[in-house]
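Residue numbers (this note's numbering), protein chains in the order written: chain V, 17 to 202; chain W, 2 to 718.
Hints were generated in silico from the structure; no laboratory data involved.
Mixed in with the good hints, there may be bad ones.
Unchecked claim - Derived, one-sided and incomplete: chain V residues facing chain W with beta-carbon distance under 10 Å:
{"no.": "1", "residue": "Val31"}
{"no.": "2", "residue": "Gly87"}
{"no.": "3", "residue": "Thr89"}
{"no.": "4", "residue": "Ala97"}
{"no.": "5", "residue": "Glu98"}
{"no.": "6", "residue": "Glu125"}
{"no.": "7", "residue": "Leu153"}
{"no.": "8", "residue": "Pro158"}
{"no.": "9", "residue": "Ser159"}
{"no.": "10", "residue": "Tyr163"}
{"no.": "11", "residue": "Ala174"}
{"no.": "12", "residue": "Asp175"}
{"no.": "13", "residue": "Ile176"}
{"no.": "14", "residue": "Leu190"}
Note that beta-carbon positions come from the ideal geometry of N, C-alpha and C, so glycine has one too.
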Amino acid sequence: MSPLFDTFKTRAEAVSAEVHRFGTRNEALDFILAFLRAEGVADARESRAVWVAGSLLDGVDRERLAEQIPGLTFQVTQDAAEASKVGISQIEWAIADTGTLVTDAAPVERRLASALPVIHVAVVPTGAIQPDMPAALARIHPSQSGYISMITGPSRTADIERVLTIGVHGPSRLVIVFVDELGGNR
Amino acid sequence: MSTAFKESIHSAVNNANLTGALGRFSEAYRIGRAKAYEGIDFEELRTRIAEVKGSAAAHLDELAAIFTKNAEARGAKVFRSADPQAVNEYILNLAQQNGVKRVVKSKSMASEEIHLNRRLEEAGMTVSETDLGEWIVQLAGERPSHMVMPAIHMTKEQVAEIFSKEVEERLAADIPALVKLARKELRTKFLNAEMGISGANIAVAETGSIVIVTNEGNARLVTTLPKTHVAIVGVEKLVAHFADILPILTALPRSATAQLLTSYVSILTGPSPNPDGSLKNLHIVLMDNHRGDMSRDPAFREALQCIRCASCLNVCPVFRLVGGHVFGKTYTGGIGTILTAWFDELKKSEEIQGLCIQCGNCVDVCPGKVPIPDMILELRRRLAKRQGQSLKEKAAFGIVNNRRLFHAMLRAASTMQKPFAKDGFIRHLPMFLSGLCEFRSLPAVAEEPFRDRFRKIRQTVSKEPSKEKVAFYAGCLIDFAYPETGEAVVKVLNKAGLEVVFPDEQTCCGAPARFSGAYEVAAGNATANIDALLREDVAYVVSACPTCTVALKHDFTKTFVSLGMTGSVARAAALAAKVIDFSTLAKKLVDEGRLTLVESNHLARITYHDSCHLKKTLRADREPRDILGKAGYELTEMFESDICCGMGGSYSLKLPEISAPILQRKLTNIKNTGVDIVATDCPGCAMQIRGGFDKDGAAVEVRHTAELIADHLEKVR
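Generate coordinates for the entire structure from the input sequences, incorporating the hints supplied.
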């Protein structure tokens, strides 16, 4: 029933992103917590998780979440992100026709959480999907953000014998969690 | 060409890893690129890019000033210099002032252009490239062989070897494991570096932003983790407005790697916070290094429209054989030849400009609309002018213009078989007819040239004699080697009720001279031909050689303009208006109902080879197929029908080591169709392919489209 989401999903999956969609914030939260457990997130080096708070966490007791998932922190420092397997951040916009996420990455936590860990979980309001790049760049401009990041699928290279290999310097998995209830930034 | 250069070509074309990887890539690229551009009007897109970048190239100083003001207003420091050494010193000082010991770099061609790494390393710093391919090449102590895929010339075994040395541990040639190792090794370097150096794909004057496009994610780390970030930006990366990044971001990933978008696009405007909360020490270096000079030269300004996608390399039939190292400098391939001539010096392009076979493949795919083959010819002209022509060359061009003497010499050469020593006089003839080739047989030079046979043709104009006459322009190959093609043309045109005249004063079209940079000779040819062909009032000037047709229709004017002979341009235009290639004329006559091709039952199965000039310049790829189909020939398309056969006029003599493998691919593609007739509209291609099959022994006939149509008319009479 939402052609923009369908297009986004097709395009993003074509570049090896994983796309999920939930109606409510609670469903999305449950999914993320289950995901962190399944990935074995724990209080050990390279097994931790960092979470850059976004509107998904509004009104959520973060201390309780951190208790539920040992190794999960909301204090996103370079060291914490580097020691993490999973980085979670909220993303403001998406582009359907290329399967791209667009975010104001000037806050350094957002860059650390999406660049250093092996897995990046991106939380996106379903209503924030734009049809194309011109529409997305009409919503975020260099005058508002000193570091705009566009992310399309996981990090990749074909530098050795042109064989596509996922996960070089950035994450090897990009897990995108759309949440209808978060509305959008249209 | 120097022995060293010839040797580098020889070792490249005999490097099976290299040619294998590049060959497979070029085939996959063509398919991938087409898919990536589905639903996009490429012509419209590249017109926008050419406008945006062309206008920027015309206002470099202005845009640099606006960029500087806006970037500095946001807190970046901008350093602008025309001098590469000043750029190196600026970055070195900055590093020293900030106590930098370790530098991480994401891809920057501009830094390679000025040998920045060497300068920093000499000062005791450790500089690590972090783009995987660049790091491999750096560890190997080599230069990138491709702008987008720096290590495409290496196998995984070689990479494993290089990495094994670096980590002092025996590694298997397993690509995912090697990539993982690179991640681990380089991650440490990212975390410890005090300075990050990046390039930029676009710089936006209006906002003071730089745009960086990557797939690996290294640029995000280079611009985030170290406290100081230096972006080195060639001034040609400037665009006026933020909206101008859209067409470039649409084309660059599609053309470079056949992606809809790269994994990461970062738009940086002013310093952003460091991980510790402090603000980034951001320096943007706007580097000129002769780009300003290029912008002031009308023949080269358009080269600044390049977006560095490397698609000109990926579609080049020569590049896929030799790779990037033979170019010897930072920039490789067609555009690299031009950039080297400017960023280094004209002299440095002397040998590499000779690699261009002028097929025009790159022109079709360039998202910046850079006329690369024309610019390479202009380099050739300037080099030839600077060095002067040798006496032998001058004498040779003189003979070419004396048609009957030239024919007699060729005939003698042909009948005596190798009468001239390889290094002798005839080698300097800019004429493919004279060459001694080991990989292809030469045609027998006709006993009587077409110009003499023409007088004996009894033209039977079957319909009511129309008032229209057509002048036939033969060109060297039809005149001297393949007169039967000329006779076929006359036959077909007669059938359409047209009388053919042969202006006897016509001479060489000048293409060999022009392709050798001898523009004065080409201009002399042009003037003689214009006089000859405009003497009689004819409806059309038809040629059955696409190279000659292009010369008559386009190059005469270009040559005059290059030489400042503006007074001759009007007559060249008058001739150009009448010039038409055989197949386009035949198709037109069919459409007008003047030529009837009755579809006879199943004449023969054929395949068709597109000559470069016919398809890329004259844009006639449908016309020959249409008329051959109408006549009842059954067409089986070959793979890469529109890729050059390796002839390129005297190219096949100057660089037989490249021409031969290109021809070999063509022969294989033809044989794979299982068809035993290959049609083409170009006598040059016919000569190359016939010569190849003659050596090869396969029973494949090569026929000019005009001959096949004439055969058909014979049969249905």
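Evaluation of the provided hints:
no. : hint   : verdict
1   : Val31  : 8 Å, holds
2   : Gly87  : 20 Å, violated
3   : Thr89  : 15 Å, violated
4   : Ala97  : 8 Å, holds
5   : Glu98  : 7 Å, holds
6   : Glu125 : 9 Å, holds
7   : Leu153 : 7 Å, holds
8   : Pro158 : 4 Å, holds
9   : Ser159 : 7 Å, holds
10  : Tyr163 : 4 Å, holds
11  : Ala174 : 7 Å, holds
12  : Asp175 : 4 Å, holds
13  : Ile176 : 5 Å, holds
14  : Leu190 : 9 Å, holds
Of the numbered hints given earlier, the model fails hints 2 and 3; all others are met.
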